[in-house]
Amino acid sequence: MIQTPDSPTILCVDDTAQVRALVQRLLSHRYTVLEAGDGLRGIEMAKQARPDLVLLDMHMPGLTGYEVATRIKSLMPRVPVVALTADVTADIRERVLAAGCDGYLSKPVDPDRLEGQVQAFLDGAREELADEGYRQDYQEALVVRLEDKVRELTQTLQRNAELNEQNVQLLEHAQRQARLLAAGAKVGRSIVSILDLDALLNTTVDVICDEFGFYYAGVFLIDETGEWAVLRAGRGEAGAAMVAGGHKLKVDGHSMVGAATGSRKARIALDVGEEPVHFKNPHLPHTRSEMALPLVAGNEVIGALTVQSIEEAAFTDEDVTALQSMADQLAIAIHNARLHFQNQRLLGQAERNARLLAAAAQVGQGVTSILDMDDLLNKTVDIICEAYGFYYAGVFMIDETGEWAVLQAGRGEAGAAMIAKGHKLQVGGLSMIGASITQRRARIALDVGEEPVHFKNPHLPHTRSEMALPLIAGNQVIGALTVQSVEEAAFSDEDITALQAMADQLAVAINNARLLRELEAAHSELVQAKTFEAIATATGEAIHWVGNKAAPIPGSVARITEDFVKYMALANAIVEQSPPEMREHKFAQLLTEAAEEIASRGNFLEGVLSDMESKSARRLHKMLNVESIFEDLEIIEGSARAILNIKEDLIGPARKRKDQLVHLPDLLKRSIASMGISDDVARTLFSEGLRPVRVDPSQLDRVFINLIKNAMEAMHEVEDKRLFVWAREADEPGFVVVDVTDSGHGIPPEIMDKIWMAFYTTKGDRGGTGLGLAACAQIIGQLGGKIAVESEVGVGTTFSVLLPIASDEKECDKEGVQV
Amino acid sequence: MEDVRILLVDDERLVRRSMEKTLLRAGFDVDTAENVSEGLELFQEALADEEDGPFDIAILDLNMPNFEGVDDPDAGLKLLTKLLEVDADLPVVVLTAFDEVTRAKEAVARGARAYFVKGREAGLIELVNDILDVE
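Residue numbers (the working numbering), protein chains in the order written: chain A, 1 to 819; chain B, 1 to 135.
No lab work stands behind these hints, which were simulated from the structure alone. Any given hint might turn out to be false.
[Said to hold, decoys possible] Simulated pairs of lysine-lysine, DSSO-like, Cα-Cα distance not exceeding 30 angstroms: (1) A/47 with A/107; (2) B/78 with A/754; (3) A/622 with B/105; (4) B/105 with A/615; (5) A/669 with A/658; (6) A/566 with B/21; (7) A/669 with A/622; (8) A/566 with A/658; (9) A/622 with B/78; (10) B/21 with A/754.
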């Protein structure tokens, strides 16, 4: 654009950009050309720029060129306003002049002439309106147009107000929506963290009513049957009353809740009277609007939420959306709470299981270490009842016939009474025990009245649940365990598992006890065999011993017989050689009879005699003398006495005892004195206040005499003979001990264990029969005491006799102490 | 027959005396000992005895105190061994109770000429005579 400070300014107002551009191109080399695209802007620009000329298009939207011309002319009457128009109607010139224009240029613009035309107007050229009528027409048209514009403006304002109102409403709606959603979120937040189902539901209805300002809210959950929606929580007293009353609505029924759960869709009754599925609830008389929202968790309808308002038509579609989103959260929360509850229950079950298993383990441990069968079974039933809190437990064992399960142990008096009666149940019979044995699996009767195999037991009237568990050891059913509870449905599957585990352990324990019993039987047989062997050994020893003692007897008898025959032969020879009158003498008669008698026994006196006749007198004497006969008789007597002496050793301990309270020092003093042992050798030490023992004094005397005799014999070849008898309280409570110590040659270790063996010492001249120590041990054992020995070869031996202190010391005072 | 010298070793006095009498009556020259040590001593003395000469036969009990003085069911066997060490050809009869025949048989296996079950002493004379006849 080329401008000079003094060049005239031209304002071109035209809504057509091409026209403005053309004007610019044609005039700008000489004038300053301003442009405006519409009327209003043209007026504004004219006011500011004070142009020297205005080129004005007549046909523009908004303010027309006419109106702009009128306005500019009123603002600056001296500035020429030239119309540019394509209008070719007859009176266009008059009409533009009437509007206030100073001239008229027709479109299209003539480029060759425009500059000249503009310059002419700048130079003062003006056209005049000849007919004033046009000016009046124009003013009338202008007023009409103004009126239209005002009306249009008024309408626009009204429309604006309406739009504003609409906006406010929309805003309010959005705010309510936001509040509902916030409330929903709050409900959601409040409830999702609640894991206790009842707390969750109660909090939910409270939060819904408080946040949304509803009259009532309630939560229904569908029961296990799937047929009923049961009210689990309700707002206020109405809710509490209905929950207490077990309020429930049929799923898919006519109620709104029923319909919502059945159709999985929210239902709204804006005026409850108009909604056919609404059930008039006497607890909620003020309800005018009601909404029922299904609670859907996962794919499952778990219940419904009812929300009620005292306002009619209280719920909009948006409310439904907001509340439904909250209901969805509630459903999830309920689901979570249920899962939590289930988890808690599972945890509880797991804990109970753990407890049961622990109890089972306890039973297992408790019982597997018990090897006495009766003890085992009784302890088992006690432990089961105590650990599990059961009413009764009993153990049945199958008898030898395999036909009956016989009660071996039962809890309490009922058990004792049944055992006393020989309670038994047929294997394979109708009883639970019988059935569990045959089927080799646990049987449960949760309500015993319903279980066909249960036998109503008058001893156990309170049983409501019963379990029978087979006891299987190895592959064999050995019996069954019955467990009974006063509670119905007391046993879960887990209980069965735990109890069966315990029953299995019990079976093992029973089997162990049985094996032990068999082992004990075998052991006792073995012991018996050993005893027989010992008896056989002892008998062998005895026979050996007796045989040894008796060995000389036949020899002596033979010699005496021989000598007797010889003497008779001599006597008979003399009789035969004597005169007849002598032979008639009764003595001779007697000798003759004897000789005949001897001959009749096969001893030929003639032979004997002739044998003797050939011998010298010296040889005869050596062959036959009375001394020898008496010696042989002594041999026989000695042997016989030795044999007879063992009788006392053998039967001594078995003699009937005459127990009485005995004061040991007195008895020991007397025993030592009776053996004539010098005080140089024997020393004694007796503790003061030594309590008496209850024994047969003659037997105990025998024991100590035996021990002292042994001690003396042990010191036979020892120079330094010392016998020490020491009586005192034993270290073992309730016992006194007497030590008999010698300084003898000691007992070699290799025969230490043989000294207690009867007949071990077989040599008559030393240590008696050998029965001594065996008899001593037997007597002391019978008195409830013990005998022990300690010995060192070359140093000496100590025999220690432990005896129980008499428990009836009081009788001491009455009877006095006897020795 | 007077020349036959017998060594009898038995710790049981009555048994020893009874057998001694039986043997004496049968005409044997009997020396007795009540334990193995004494028996061995008598045997060794007899070896040096120029007048009577050594024993012709030894009769030994088995179950006696041994050389240490401790009761020993094999004491006679130990004496047997010592006697045979000195005179391997010495006839030895071991005495045994009827229930200890096994041990007596072992003695025979170890060099004794025979065993004799104590009791019927006439049988001992027959046994001694049989052994001496074979000699």
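Do the hints match the structure? See the list:
no.	hint	result
1	A/47 with A/107	26 angstroms, holds
2	B/78 with A/754	22 angstroms, holds
3	A/622 with B/105	36 angstroms, violated
4	B/105 with A/615	40 angstroms, violated
5	A/669 with A/658	21 angstroms, holds
6	A/566 with B/21	16 angstroms, holds
7	A/669 with A/622	52 angstroms, violated
8	A/566 with A/658	55 angstroms, violated
9	A/622 with B/78	35 angstroms, violated
10	B/21 with A/754	35 angstroms, violated
In terms of the numbered hints stated before, the structure departs from hints 3, 4, 7, 8, 9 and 10, listed from lowest to highest.
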